[in-house]
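Protein chains in written order, with the working numbering: chain G, 2 to 208; chain Y, 598 to 1074.
Honestly, I wouldn't trust all of these hints.
Anything over 12 Å on all C-beta distances counts as not near chain Y; from chain G, calculated [unchecked claim]:
{"hint": "1", "residue": "Gly-20"}
{"hint": "2", "residue": "Leu-23"}
{"hint": "3", "residue": "Gly-29"}
{"hint": "4", "residue": "Thr-56"}
{"hint": "5", "residue": "Asn-63"}
{"hint": "6", "residue": "Ala-88"}
{"hint": "7", "residue": "Ala-94"}
{"hint": "8", "residue": "Thr-96"}
{"hint": "9", "residue": "Val-131"}
{"hint": "10", "residue": "Ile-161"}
{"hint": "11", "residue": "Gly-174"}
According to the in silico footprint, chain G covers these stretches of chain Y (three or more CB under 8 Å from chain G) [as the list claims (entries may be wrong)]:
{"hint": "12", "segment": "631–642"}
{"hint": "13", "segment": "651–660"}
{"hint": "14", "segment": "666–674"}
{"hint": "15", "segment": "709–721"}
Every beta carbon over 10 Å from chain G, so not counted as near; a handful from chain Y, in silico [unchecked claim]:
{"hint": "16", "residue": "Ala-689"}
{"hint": "17", "residue": "Thr-697"}
{"hint": "18", "residue": "Trp-757"}
{"hint": "19", "residue": "Asp-866"}
No wet-lab data here; the hints were simulated from the structure.
Here a beta-carbon is modelled for each residue, glycine too, at the ideal position from N, C-alpha and C.
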Amino acid sequence: MFSRKPFSGLFRRGRVWLGALLVLWFAGVGSGLWAVWAYDNRPGAAAAAPSHWPTGTALASNPSGPTLVFLAHPQCTCTSASLDELAEILARARTKPRTYVLFLKPANVANGWEQTDLWRRAALLPGARVLRDDEGVEARKFGVETSGQTLFYDKHGTLIFSGGITGSRGHAGENAGELALISLLTDGRADRRATNVFGCPLFAETD
Amino acid sequence: MASLELPPPPDSIALRADELFAKHKHEIYVHTDRLFASLMVLQWVAGILFALWISPLAWFGTVSRTHVHVWAAIFLGGAICSVPALLGVFRAGEPSTRYTIAVAQMLMGALLIHLTGGRIETHFHVFGSLAFLAVYRDWRVLVPATIVVAADHALRGVFWPQSVYGVLVASQWRWLEHSAWVIFEDVFLFVSCRRSVADMKDTALRTAALEHAERESSLTAAQLRITQQQAESATRAKSDFLASMSHELRTPLNAIILYSELLQEEARDHQQAGPMKDLERIHSAGNHLLGLINGILDLSKIEAGKMTLALEQFDVRAVVTDLASTVAPLVQKNANTLVVHCSEDVGPIHSDLLRTRQILLNLLGNAAKFTRQGTITLDVARRVEGGAVNVVFVVTDTGVGMTEDQQRKIFEPFTQADVRTTRKYGGSGLGLAIVARFCSLMGGRVSVESQLGRGSQFTVVLPVDVAAVVDAALYAA
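Pulled out of the complex, with its shape left as it was, chain G reads as follows:
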């Protein structure tokens, strides 16, 4: 015996399949986005920076004011956001610190490897001293492992702040590290002395 609408069951089944497919699709892409967010928000290895200005470093601390040390991987695209934030900090700071921007130059790469767009942008920062960190000597002295790590030493060479200045990996915008540094350079104090750093590892496990 035929039903009055022979295809109604098929349509109903089709709708159920479509509904199930859409739920699966939403769950799938939702999970994918979640994974991307998780990746972007996974911090890099924190620095084990010396609490006082390290001895043996080629960099000279600023005896009359604060010193900022920013260490970067010249090829790391995430560091672009960190440089933006550094520019923001320097622009908004009432006290202008002595600023070092060090770009890693491993031994086994060609000359000029470090001369990237990031270097050129860093060179435009007001008062910043942009230097090459051959084989990561300075990075190791300051205990830094992740690109974008920013260290703040006061005029006595005491470490006041160590952390990243972006909210997540390669993500520009207001963030805790940036706010802490602006506060330090403006009011001389901050409610935070460390933040997560988001960037490429400066050294491979084999380095």
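Position chain Y relative to chain G; hints supplied.
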């Protein structure tokens, strides 16, 4: 009898408007689904290009590999875009398609914001997408889109507040502030959608009403055509009948008149005074009847469109002089005086001589009939009116005259001033109807001015060259 489909009742306008509105709405849904299907592909490609440009590689010291963002743009972007793009192509117009597109559009916005490093400019993708979704003119699609944006902010606010709000600890209600801006735009889009839908409904109603009016108008025109055809057919049938009947009546009537004349002659020859009176009555009645039948025949010929004109050039003054002598006995019968004024320059006209004579004979005959011991005047002159050259004949009498009501009906067939007129003066009431139709046939006109008890004045205007003003089919070339 032809039958016609009745026009739809007014309720059907509303039904038709609903149908048109639903059709238009569906067309918009289908069209917009297809636009979004294309946009999905475009966004997917754009996402990959952004990722390749902004973050192609992730570095670990001197070692590099493809950045997670590139893989996310390819695979996650593809997953986000593929399902709505396919639905937009294969299930265009379905509600599930546009809701899926709305969700996908916002998810794609979230991904693009990530791929571009959270640039504030990329956030405009969210607001632009909402505006684009409003192209559906279905405010409901804004709901899932807004929910996705709100959920994105709420979830990330809980798990990674710094990535959204720039602080490590944010208020648990901060997502509401961000969502409120989206809802702010939604409000305007909602109003816009509602107004668009109202406009669409209005347009549908107008279109349905127009269709209805066009349908009614075409039905009315068809009905009118049928009625006109039926009327013309009935007129033709009546005229054919009258023409044939008139012919059948005239044949024996001519015989009666002829034989009554012969009998009169015989009676005169044999000096028989007895039957003479009766024979004269038979002869007179026969002539009257013949005149009546001739009138009917002329009228029916005109109405049947069978009357043609025989145009020729003739001298008006000669015709008028001839007519004056023809009607003289009739004029004198009621002790009337005929005065004729024919201007010197009236000249010749190119017209139908027989019909022109009949027009003037009818008017002069009527004037003579309805006037006793009075004056009948015939004025003839050539006159130029609006570039046209006409001859004007004016017949004036000092007879009984007519009321205004009688003047209005006087050119209708079988109409006399009133019933008593027929009884008192005789006549069929066809004379003036024939005059009016002949005038019209020859491209002229007739009018009357009259005062009851003081007389009447009939004015006939005929073109000097009838051929120049009437249809060639009406006369023999």
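We went through each hint and held it up to the structure:
{"no.": "1", "hint": "Gly-20", "result": "8 Å, violated"}
{"no.": "2", "hint": "Leu-23", "result": "6 Å, violated"}
{"no.": "3", "hint": "Gly-29", "result": "6 Å, violated"}
{"no.": "4", "hint": "Thr-56", "result": "26 Å, holds"}
{"no.": "5", "hint": "Asn-63", "result": "28 Å, holds"}
{"no.": "6", "hint": "Ala-88", "result": "15 Å, holds"}
{"no.": "7", "hint": "Ala-94", "result": "18 Å, holds"}
{"no.": "8", "hint": "Thr-96", "result": "22 Å, holds"}
{"no.": "9", "hint": "Val-131", "result": "19 Å, holds"}
{"no.": "10", "hint": "Ile-161", "result": "18 Å, holds"}
{"no.": "11", "hint": "Gly-174", "result": "5 Å, violated"}
{"no.": "12", "hint": "631–642", "result": "violated (count 0)"}
{"no.": "13", "hint": "651–660", "result": "holds (count 10)"}
{"no.": "14", "hint": "666–674", "result": "holds (count 4)"}
{"no.": "15", "hint": "709–721", "result": "holds (count 5)"}
{"no.": "16", "hint": "Ala-689", "result": "14 Å, holds"}
{"no.": "17", "hint": "Thr-697", "result": "6 Å, violated"}
{"no.": "18", "hint": "Trp-757", "result": "4 Å, violated"}
{"no.": "19", "hint": "Asp-866", "result": "105 Å, holds"}
Hint check: violations occur at hints 1, 2, 3, 11, 12, 17, 18; the rest are consistent with the structure.
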